[in-house]
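2 protein chains.
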Amino acid sequence: MTLTAPGSVQADSSAGGPIPPCPMRGLVCRNCGATSAPVAEHACAECFGPLEVDYDPELLRAVTREQIEAGPQNIWRYAALLPVGQDPADRVTLDPGLTPLVRADRLAAELGMTGGLWVKDDSANPTHSFKDRVVSMAATAARGLGYRRIAAASTGNLANSVAAHAARAGLPSLVFIPSDLEPGKVVQSAVYGQTLVTVDGSYDDVNRLTSELAETDEFEDTAFVNQNVRPYYAEGSKTMGYEIAEQLGWRIPAQVVIPMASGSLLTKVDKAFRELVAAGIVEDTGWRVFGAQSAGCDPIATAFDNGWDVVRPVKPTGIAKSLNIGNPADGPYALDAVRRTGGAVGRVGDDEIVQGIRDLARTTGVFAETAGGVTTAVLRRLVEDGRLDPSRETVILNTGEGLKTLDPLLPTVTPTHRVSPSLSSARQAGLVG
Amino acid sequence: MTLTAPGSVQADSSAGGPIPPCPMRGLVCRNCGATSAPVAEHACAECFGPLEVDYDPELLRAVTREQIEAGPQNIWRYAALLPVGQDPADRVTLDPGLTPLVRADRLAAELGMTGGLWVKDDSANPTHSFKDRVVSMAATAARGLGYRRIAAASTGNLANSVAAHAARAGLPSLVFIPSDLEPGKVVQSAVYGQTLVTVDGSYDDVNRLTSELAETDEFEDTAFVNQNVRPYYAEGSKTMGYEIAEQLGWRIPAQVVIPMASGSLLTKVDKAFRELVAAGIVEDTGWRVFGAQSAGCDPIATAFDNGWDVVRPVKPTGIAKSLNIGNPADGPYALDAVRRTGGAVGRVGDDEIVQGIRDLARTTGVFAETAGGVTTAVLRRLVEDGRLDPSRETVILNTGEGLKTLDPLLPTVTPTHRVSPSLSSARQAGLVG
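Here the protein sequences come in this chain order: A and B. Under UniProt numbering, the first residue of the first sequence is numbered 1, with each subsequent residue one higher. Under UniProt numbering, the first residue of the second sequence is numbered 1, with each subsequent residue one higher.
Since the hints were made in silico from the structure, they are not lab data.
Identical copies carry no separate label here, and so any pair may be met within one copy or between two of them.
With a straight-line cut-off of 25 Å between C-alpha atoms, the simulated SDA-like cross-links for lysine to any residue are: (1) LYS315 with ASP351; (2) LYS315 with ARG381; (3) LYS315 with SER422; (4) LYS271 with ASP309; (5) LYS315 with SER420; (6) LYS271 with LEU60; (7) LYS271 with ALA37.
Quick caveat: nothing in here was measured; it's all calculated off a predicted structure.
Okay, chain A solo, but in the shape it has when bound (with noise of 0.2 Å):
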């Protein structure tokens, strides 16, 4: 099964408006650099490096601000710049991206920044983080590579995604999640009627069901999003990059503060950037890339602290769940752009987490589940220790929704007066003189 033929241009969907031509011509190992058809792997037969999708830098070439502009709002106005979903008919997707990038001008004169910052939040996608910028690019390779359900190994985010693509698209899924997850997060995963499999045991074990799973003739006709369609999956995380610079008005920020759970969205939103660049759509003013992670789960702080080119991996701990991998897929390419581009790694513990919810969520309006809490508490230490320049134009992303991760505000945020309802008692409790 495979994709697409590289560079073909297809007639013009219903949907309105001209399909361009496909910009992937294949995948290539990450270390060898042997190329292979786009087809359902992750891993190189050669060498067994991760693949990653090999674009036609032409095709990425020719793509211009005007054509990006009219298309929809959504991800797929940068369809030219992804590996699939270029025909409208062929998406599996509920059309996330474009979340706002909302200037934080409160939380700047807090931390004494004066070069412009701001937060680009994804809690605004259709479930709520950032997750469905991949799934929406893994479920829509899938079908087009002949498969007849997708799955995954989740926590949390991707499951709830994972199911939420399937429920629209009226294809099959398949949610593997530890039986020991939070109420809440069974529920926002099971409402969509999908099949949700509980398993007694850690994310560790889940996984490695999924993997034999895999591997078993029945599942044959399924698609793992960030296992077997991995390189088309990871892609999806290049739209958060597109959409920063577009809406600073084709502007590169100096410096952008990226959480790190497996490493691959700060690898994709520097590759982002690097693709406009050569595109011409943006001037190269340089930027650097910085990665937060939390002090429970810091295999790639670590090893940028020590020099490091190997992550070597910890076992996870801590409040921050969605960034809990300890053997981060893409650590070494994350350390790789930071490195290049003069940025760095930070690291905060649990309850400076806490403090950079209720940080951004009192000067902005923007309320995070704790990844979000670690970028803005890591940005804090940035500054703080000098590393990131506050004069310079900044940008934190915020990657998913303080709904879902509720249990570890609950001992502290708390309201402000408890009153009865009387005018003496809200006299006493200092509301009224």
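Starting from the structure of chain A, add chain B where the hints point.
Quick look at chain B alone, frame taken from chain A:
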């Protein structure tokens, strides 16, 4: 304190684009027709009837599609049809709106609907309910009228939106909630770092207390968003109607199903359609508005069934808490709109509401709060009863986010399988043959 002089044209803002004239010329009583200046009152000085915004019909009629389409990707693209916020510098807002209009083909097929079915999904707003539309109006009016604080009594969505708007603007707010609310709703209201007062009593007790507080000297500088600035607040709901028409390609759907609490939203969607027709922006192809209530709080449905002009108050029960207004202020006006357009009002019980949430999620990927479950379940009833024409284009409104009302789903929305982390266990569960 009054707002901008009627019809005044202001200078260009630095935010770009010409600033349209303000179409508001004052307030008008919906009962006796007495007019007044645009002040902070919601009851007529002559007859105590409800006040609403009085527009200059010539200015409304002068608005064009092109003018709207050139505006921002949020409610402010309709600024020329709204009472406040023509100048971007005046706005106190999270920039809500232009939420997805989702094609619901799979739900339509299940219900035997052949004319096209859409879900207008306001869970995509910044604080994930339609309240962001009305709070943006109220907060902007409040600041324009010279108020220094905004406030509200609420059980959830409104509390969230008021606190978030205040946080972004750096404007103090006070939100009053019953102290027995679910912890999650308390956290969502507290995280923005604004004043949050829990009141030991029912929602009615909370309302009574805020009415008393509003009369004190200390609260002279405080705008209660759905009390003293209610006329401006309520106009925000018109933007739902404008967006539906624009997103359908400047066409009004034949049928719209709208959840009813106070009944205000339904009247404003109908009003929006009438304004668009009057302005020549859309053709008058006729439309019918349908109201949706829960059986636990159905005073407007009861009045409709009995042919009453007045709405008799009830004591609300049931899971659709965001719709639980037993004495709906706009009930008579909602009845008028339903009867004038040839619509109907339906009601559904709690089990049907949960089923409605599940049906919508399963077929569209949209996870609605209980109010959206009411609307979906009422749609089914109206089709089954032959009161809604399945051959005509229909839009249903989802006004809020499923993550906010998880509790009613916990007993029944559960995983489909539970396994140990082994192939043999997966085999026993029927996942592999």
